[in-house]
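Asker: Residue numbers (the working numbering), protein chains in the order written: chain A, 1142 to 1584; chain B, 1142 to 1584.
Hint data in this document are derived by calculation from the structure and do not stem from the laboratory. One or more hints might be untrue.
Computed footprint of chain B on chain A, listed as stretches where at least three residues anywhere in the stretch have a Cβ under 8 Å from a Cβ of chain B [to be verified]:
(1) 1154 to 1162
(2) 1179 to 1190
(3) 1281 to 1289
(4) 1323 to 1337
Below, simulated DSS-like cross-link-like pairs (lysine-lysine); rule was C-alpha separation at most 30 Å, straight line [claimed, not checked]:
(5) K1215(B) - K1326(A)
(6) K1300(B) - K1371(B)
(7) K1182(A) - K1476(B)
(8) K1300(B) - K1548(A)
(9) K1171(A) - K1150(B)
(10) K1173(B) - K1332(A)
(11) K1233(B) - K1326(A)
(12) K1326(A) - K1171(B)
(13) K1341(A) - K1476(B)
(14) K1150(A) - K1300(B)
(15) K1217(A) - K1215(B)
(16) K1300(B) - K1217(A)
(17) K1332(B) - K1548(A)
(18) K1472(B) - K1454(B)
(19) K1472(B) - K1332(A)
(20) K1486(A) - K1272(A)
(21) K1539(A) - K1326(B)
(22) K1182(A) - K1272(B)
(23) K1300(A) - K1341(B)
(24) K1168(A) - K1300(A)
(25) K1504(A) - K1217(B)
(26) K1173(A) - K1332(B)
(27) K1476(A) - K1215(B)
(28) K1168(B) - K1150(B)
(29) K1233(B) - K1300(A)
(30) K1371(B) - K1332(A)
(31) K1182(B) - K1341(A)
(32) K1171(B) - K1182(A)
(33) K1300(B) - K1182(A)
(34) K1217(A) - K1168(B)
(35) K1182(B) - K1272(A)
(36) K1472(A) - K1332(B)
(37) K1341(B) - K1332(A)
(38) K1215(A) - K1332(B)
(39) K1171(A) - K1548(B)
(40) K1341(B) - K1215(A)
Remember, it's a predicted structure, so these values are computed and weren't measured experimentally. Glycine residues also receive a C-beta, built at the ideal position from the N, C-alpha and C atoms.
Below are the chains, spelled out letter by letter.
2 protein chains.
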Amino acid sequence: MLIEIPNTKKARVVIIGGGFGGIQLAKMFKNKDVQVVIVDKNNYHTFQPLMYQVATSALEAESIAYPIRKIFNKSKNIFFRLGEVTHIDAEKKMIEFGNDTLEYDYLVIASGAKTNYFGNEGLTISAMPMKSILESLDLRTMLLQNFEHALLINNERKKQGMMNVVIAGAGPTGVELAGALGELKRSVFPKDYPELDLGKMNIYLVQSGDRVLPMLSPKSSLKAKKYLEKLGVTVVLNTRVLDYFGDYVQTDTGQDIIAKTLIWTAGVTGNPIKGMPKETIGRGDRIQVDEFNQVKGLQDVFAIGDVACMVQKDWPNGHPQVAPGAMQQGKLLGKNLVGKICYNKPYKPFKYKDKGAMATVGKNKALVEMGRLKIGGAVAWFIWMVIHLLSLVGFRNKVVTMFNWVKNYFNSDRGMRLIITQFDLQEEKRKRRKEFEAKHTVK
Amino acid sequence: MLIEIPNTKKARVVIIGGGFGGIQLAKMFKNKDVQVVIVDKNNYHTFQPLMYQVATSALEAESIAYPIRKIFNKSKNIFFRLGEVTHIDAEKKMIEFGNDTLEYDYLVIASGAKTNYFGNEGLTISAMPMKSILESLDLRTMLLQNFEHALLINNERKKQGMMNVVIAGAGPTGVELAGALGELKRSVFPKDYPELDLGKMNIYLVQSGDRVLPMLSPKSSLKAKKYLEKLGVTVVLNTRVLDYFGDYVQTDTGQDIIAKTLIWTAGVTGNPIKGMPKETIGRGDRIQVDEFNQVKGLQDVFAIGDVACMVQKDWPNGHPQVAPGAMQQGKLLGKNLVGKICYNKPYKPFKYKDKGAMATVGKNKALVEMGRLKIGGAVAWFIWMVIHLLSLVGFRNKVVTMFNWVKNYFNSDRGMRLIITQFDLQEEKRKRRKEFEAKHTVK
């Protein structure tokens, strides 16, 4: 209760999460007669679509992050608090974060999605996720460390394992990571590691379905596969990763893949907060909401973006968990809440506008599908770049990212190959593996 | 022994450390008939003079780091290995790092300096060092976290402690940090934290001597002090920090300063490697070398830069531990070793060229002393910037840094105020403090 609501303000809206949805929502309250408090465990907004470029040494971590306080510097009615929300008490209209509590009149849960290992403990311990900036930096550390360690090993089989990378899941994140690794293999690592035989570095993209980028048309999927193979990526379709303990990836086709790195992009689940009634949580841990993004059965509690599941015509399983959807919901909910609080207007229902989908594989290689437009190649790549540049928050981030991209384009280099995080994953994972084994060994 | 010396090469030179000295030295061997191996615990060269800008949210970590492999991409005789050297065996002509060993014909120790707490356990546990990129990021995390936490506290005294910062040591690092914090206090934090009374944020620069920047003339010191005070820094002279346990700084004048952050820039010590005979290590843990940078009493072992102490006329305690000195020694030693190995020439003795000293306090406020030139103010600040920009390794780093500086100049902003590292220092330090107390409590 450290934030007072001034008498002039009609209500307090608390937003959990400063992602695409939460930020867009908060913007709708700029200079309105409402007090808004954003709570996030990070003090910055993360531009998730470019995290793979941080992991593959193409961009600085700082270029895809933007201080939340800076976004709302000029809005005196919008506040920020750093902390992880641990509990929601809908009866008392209160949230808990850290040792603090905060009361609300309206609560919006915009806590996004988290990596889903489907309960597999081996994967949870040994696979690399990439859902935060720190995880991207750790992934960068791991990829580079493995190459440095490969140089110190005589055993050829183990050396190969250090150089191999398996990516599970061929959605946009998996495909973009695989492509970026292919470019590292082709253009950067041969110069950095002339002592290693880069022909032995294998990048496997494992997909349970029969095509990559299933959200695109089959034709685009086929193009993407060709682009990936041109970059030296081995695309393994109709194959499911079963288990992994840090040394080789077990698949359901019986084929094992030796690799010290398994990157897991094969699933996300909603990230709801404790204290929500069980019946509000649906499939994939997403919060069930009506067409006004109201959580079913709760008063004045809303959910938007990846954590929300709104069943509508054409969308029996909710809308796709993508940034444009979260922003559209944030925008409408903001209008609805301002309308209700300030002018006592009724809520308007949400209509999803499908903005299409896109993914980049590598230099001059991307796929874009927007309405009737379905293209691949250099033009698609250019569209992908312009849209991502314009979507980045902050002038500085746009300029520095563009400069990096132009430079990387012409010299095929990746200047950020720096092992900054200390996290010695090999050690850490070995330790956790030992604990896991000790726990599960039959005595 | 995983690196073979090809028959064409006459000898192997192993360099420990990829700092200013080590990199300059290695460059002298480009395309010479000598095999060179650089061993460093980081895979990048760090531009230490700008670490304070990473800590104070002005620059990305990636802008002051440069991959060592990239520097020597085109030199087939120069190799790199990642690892911390743990032991030197001068008799077997061998070093140990990690689980590996490496034999050498010539060994150059360029392992630099490390933070010196003069054996004080309280300081070791509770003060913040800033001698690496990760430490700079952790310092950034701590400064920002303290402000976020201050918002969640009702106790006014504790709130003040969260906002106060004490810097021990008024050399260039301490002065530059204090100035940068003064600018944060003046231009950035009031916009980010309108709920906090920034008048209560105090920045103390504590110096044991009677002036700041003692390497400069008394006139420049006086100017620097004035600049600092203009930026709201409290300069505390003739005062020594005695102890610190995370809450208040004890000084020898009896004055305690309440502060959750104490940044320690009051001393460095050489960083010699284990296995060196005791008699080679002199004052301040620096390795004693002759005028050829040869370690006294050892065959074919050299030391350069901050870790080396060469007593010469005018320099009874060795040369100053600064980048130009390390680079000069690296350059000459490179020439000497190439001369000896390839042409059997005798070594030439080292002569130190004093390049002067400089420090920046804030926008348009710097001090530069080069030979007879002794200036302060905007011109000095411009010279400081140009020299630092030109010294940065890498085209990308130069451009991105310049862009950040120009942007920060015009909008007085610091865009990198991102809490990226996970290291929750408060927790960690509290834990270590408890262990320390448990150990030392009389039972």
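Asker: Quick check: which numbered hints come out false for this structure?
Answerer: Of the numbered hints, 1, 7, 8, 9, 11, 13, 15, 17, 20, 23, 24, 27, 30, 32, 34 and 37 do not hold.
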